[in-house]
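Peer 1: All chains, full assembly: derive it from the sequences and hints.
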Amino acid sequence: MQINGKVWKFGDDVDTDVIIPARYLVTIDPTELATHCMEDIDPEFAGKVQPGDVIVAGKNFGCGSSREHAPISIKAAGVRAVVAESFARIFYRNAINIGLPVIEAPQAAQEAETGDLLEIDTDKGNVHNTRTGNTYPSTPYDAYVMEIIQAGGLMEAVTRRVQAKRQAQ
Amino acid sequence: MGQTMAEKILSRAAGRPSVTTGEIVEVDVDLVMTNDITAPLSISEFRKTGLEHVFDPQKVVFVPDHFVPAKDIKAAEQAKVMREFAREQGTIYFEIGRAGIEHVVLPENGLTLPGQVIIGADSHTCTYGAFNAFSTGMGSTDIAAAMALGTTWVRVPPTIKFVYSGELPEDVGGKDLILHTIGQIGVDGAHYAVMEFTGEVIDNLPMDDRIAMANMAIEAGAKTGIFAFDDKTRDWLTAVTDKVLEPVSSDPDAIYQQVIEFDVSNLKPLVALPHLPSNVHAADEITDMPIHQVVIGSCTNGRLSDLREVAKILEGRQVHPDVRCIVIPGSQEVAKQATKEGLADIFMDAGAIFSTSTCGPCLGGYMGVLAKGERCVSTTNRNFRGRMGHRESEVILTGPRVAAASAILGRVGSPAQL
Ligand code: SF4
Numbered sequence: 000m001q002i003n004g005k006v007w008k009f010g011d012d013v014d015t016d017v018i019i020p021a022r023y024l025v026t027i028d029p030t031e032l033a034t035h036c037m038e039d040i041d042p043e044f045a046g047k048v049q050p051g052d053v054i055v056a057g058k059n060f061g062c063g064s065s066r067e068h069a070p071i072s073i074k075a076a077g078v079r080a081v082v083a084e085s086f087a088r089i090f091y092r093n094a095i096n097i098g099l100p101v102i103e104a105p106q107a108a109q110e111a112e113t114g115d116l117l118e119i120d121t122d123k124g125n126v127h128n129t130r131t132g133n134t135y136p137s138t139p140y141d142a143y144v145m146e147i148i149q150a151g152g153l154m155e156a157v158t159r160r161v162q163a164k165r166q167a168q
Numbered sequence: 000m001g002q003t004m005a006e007k008i009l010s011r012a013a014g015r016p017s018v019t020t021g022e023i024v025e026v027d028v029d030l031v032m033t034n035d036i037t038a039p040l041s042i043s044e045f046r047k048t049g050l051e052h053v054f055d056p057q058k059v060v061f062v063p064d065h066f067v068p069a070k071d072i073k074a075a076e077q078a079k080v081m082r083e084f085a086r087e088q089g090t091i092y093f094e095i096g097r098a099g100i101e102h103v104v105l106p107e108n109g110l111t112l113p114g115q116v117i118i119g120a121d122s123h124t125c126t127y128g129a130f131n132a133f134s135t136g137m138g139s140t141d142i143a144a145a146m147a148l149g150t151t152w153v154r155v156p157p158t159i160k161f162v163y164s165g166e167l168p169e170d171v172g173g174k175d176l177i178l179h180t181i182g183q184i185g186v187d188g189a190h191y192a193v194m195e196f197t198g199e200v201i202d203n204l205p206m207d208d209r210i211a212m213a214n215m216a217i218e219a220g221a222k223t224g225i226f227a228f229d230d231k232t233r234d235w236l237t238a239v240t241d242k243v244l245e246p247v248s249s250d251p252d253a254i255y256q257q258v259i260e261f262d263v264s265n266l267k268p269l270v271a272l273p274h275l276p277s278n279v280h281a282a283d284e285i286t287d288m289p290i291h292q293v294v295i296g297s298c299t300n301g302r303l304s305d306l307r308e309v310a311k312i313l314e315g316r317q318v319h320p321d322v323r324c325i326v327i328p329g330s331q332e333v334a335k336q337a338t339k340e341g342l343a344d345i346f347m348d349a350g351a352i353f354s355t356s357t358c359g360p361c362l363g364g365y366m367g368v369l370a371k372g373e374r375c376v377s378t379t380n381r382n383f384r385g386r387m388g389h390r391e392s393e394v395i396l397t398g399p400r401v402a403a404a405s406a407i408l409g410r411v412g413s414p415a416q417l
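For the protein sequence lines, the chains are A and B, in the order given. Its first residue numbered 0, the first sequence is counted upward by one per residue in numbering that gives the first Met the number 0. Its first residue numbered 0, the second sequence is counted upward by one per residue in numbering that gives the first Met the number 0.
No wet-lab data here; the hints were simulated from the structure. All figures in this text were calculated on a predicted structure; none of them were measured in a lab. Hints are not guaranteed to be accurate.
To give an idea of the chain B side of the interface with chain A (calculated C-beta under 10 Å), a few residues [claimed, not checked]:
| id | residue |
| --- | --- |
| 1 | Thr37 |
| 2 | Pro39 |
| 3 | Ser139 |
| 4 | Arg154 |
| 5 | Tyr191 |
| 6 | Arg381 |
Lysine-lysine pairs mimicking DSSO-like chemistry, simulated, CA-CA at most 27 Å apart [what the hints assert, rightly or not]:
| id | chain 1 | residue 1 | chain 2 | residue 2 |
| --- | --- | --- | --- | --- |
| 7 | B | Lys267 | B | Lys242 |
| 8 | B | Lys371 | A | Lys8 |
| 9 | B | Lys267 | B | Lys311 |
| 10 | A | Lys5 | A | Lys123 |
| 11 | B | Lys311 | B | Lys335 |
| 12 | B | Lys160 | B | Lys70 |
| 13 | A | Lys47 | B | Lys371 |
| 14 | A | Lys8 | A | Lys47 |
| 15 | A | Lys164 | B | Lys73 |
C-beta: ideal position from N, C-alpha, C; glycine also.
Peer 2: If you want it as structure tokens, here you go:
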């Protein structure tokens, strides 16, 4: 998969409370959640972000609560991928499960700035920054995680298993 | 080769003699939990599988606690979705009036046992490591998958061993130990790892303090925190269940990613200043920080022993006129006991409010949301920007004693300053 997008850069330890504040957790509607995406770290973000953009951040992105509303709001806001130096583990799982590409690429994340254009090749695991001219490696996915990604998300993978089991019976 | 207790639990749950750090294994789950804000999504994802029933209704539990008693119509709708699904499926369900905050209620009901694998759509599910279980938080979709299959996947985490030695000073407890630890290693200091809490200080530490420590393992980025099983664990659990207990212990030659030692003999009561749990300072070094609110409660410090400590300090004293002090018991059971013991009267006589059990203000839900520019000292576990209200409000984390002392002083301060 090839993802080309304009960068919005954030720092370290971006927590799920600032990605989607708890006051909005009274809904699971993605479009509504999208209107509050990143609100408590950048109140204007939801208005500025364009479909196809990418979020780039430092270490421990998505730390804090298990709310899946966080990756859902990011995805529904039109963000195509999140590139970070590292991810908090629950956020990472959640993003994979719902089909939001998360790419751990420390150097790419460090050197990118807001407004840069990133060209991400998820198959090769490369991140290219058109401003710096550099191509950076990313941490490859585990085979198990790759299966979930290829199925289109966790529930798609689970549903396939459930159906296969039924047919076998 | 020796194994840590976390590895032993995962090996058993994976049906294998051993597991290797870093590999992904599929494990059977003993308990799957969600709450009123994460359940609706889990339920709609579960429906996608076309399955009619969850894998085992006696291993699936729903606890309304975050926004209940319902704070508004939308919260009521979400709680209703959960309640109706629980009834339809015949799962375990704790209604308000017989419940409270999930991580207080589940242990009280004997549902979190040694050696188990417990997952919950709530990041503080790591709390049950205090009972020698492998328990960890996940998102709603992972929980939906586990409700369908009765299994989940886990990347076998490395374990970091923490050894606490020395003699714990009087006014210092489990909350201070975990804040000190997070302050030293940072909010991703135990990234992806298991924190195994050991040492003479831990051996002597009461269960409620161990629970508070396990609860905040996630605040160091850990997958979970875990404690060895001992007489204290046994006594606690046999009072709430007659199930057979199957504890695990770490082998002497188990392999640790790291061993970190702390001598805590000179530890002081601590606070974590905004906006990270790792921004840790001694409470009595903060001399000029006025506050507007104090919250005592949550899954970290809303247990009976916490309320007793608070009452000891508030008894015969008055909450500062500029402070709103909100005491929220962790469960209905805690509320009942606190009332029986006269603690509720002490709180109210001191000018605090004593409410029913809820997460409420801990996540900025209701019952004490902060306005712009307000500052709150809280016994909860997160002080991220906007956590308890306006994005320009502040939360300072601490244990029950410092919270009570601060309520009286009207500023951040320690019991020694009263
Ligand atoms: S009390 Fe706070 S941290 Fe604990 S479960 Fe409720 S919202 Fe989460």
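Peer 1: Are Lys47/A and Lys371/B close enough, with their CA atoms no more than 27 Å apart?
Peer 2: holds, 24 Å
Peer 1: How about Thr37/B: closest beta carbon in chain A under 10 Å, or not?
Peer 2: Interface hint status for Thr37/B: holds (7 Å vs cutoff 10 Å).
Peer 1: Please verify whether Lys164/A and Lys73/B have alpha carbons no more than 27 Å apart.
Peer 2: violated, 37 Å
Peer 1: Does the interface hint hold: is Arg154/B within less than 10 Å of chain A, judged Cβ to Cβ?
Peer 2: holds, 7 Å
Peer 1: Within 27 Å, alpha carbon to alpha carbon, are Lys5/A and Lys123/A?
Peer 2: At roughly 20 Å apart (the allowed maximum being 27 Å), Lys123/A and Lys5/A satisfy the hint.
Peer 1: Hey, Lys267/B versus Lys242/B, does the alpha-carbon distance stay inside 27 Å?
Peer 2: violated, 39 Å
Peer 1: Would you mind confirming whether the straight-line C-alpha gap from Lys160/B to Lys70/B stays at or under 27 Å?
Peer 2: Judged against 27 Å, a Cα distance of about 41 Å means the pair is violated.
Peer 1: Does Lys311/B pair with Lys335/B here, judged by a C-alpha cut-off of 27 Å?
Peer 2: Since the Cα atoms of Lys311/B and Lys335/B sit roughly 18 Å apart, the hinted pair holds (cutoff 27 Å).
Peer 1: Under the criterion of a CB-CB separation shorter than 10 Å, is Tyr191/B in contact with chain A as hinted?
Peer 2: holds, 5 Å
Peer 1: Using Cβ atoms only, decide whether Pro39/B comes closer than 10 Å to chain A, and label the hint accordingly.
Peer 2: holds, 5 Å
Peer 1: Report holds or violated for the interface hint on Arg381/B, using the least CB-CB distance to chain A and a cut-off of 10 Å.
Peer 2: Hint holds; Arg381/B Cβ to chain A Cβ min 6 Å, cut 10 Å.
Peer 1: Assess, step by step, whether the Cα of Lys8/A is no farther than 27 Å from the Cα of Lys47/A, and give holds or violated.
Peer 2: Measuring from Cα to Cα gives roughly 13 Å; hence the hint holds.
In terms of the numbered hints stated before, the structure departs from hints 7, 12 and 15, listed from lowest to highest.
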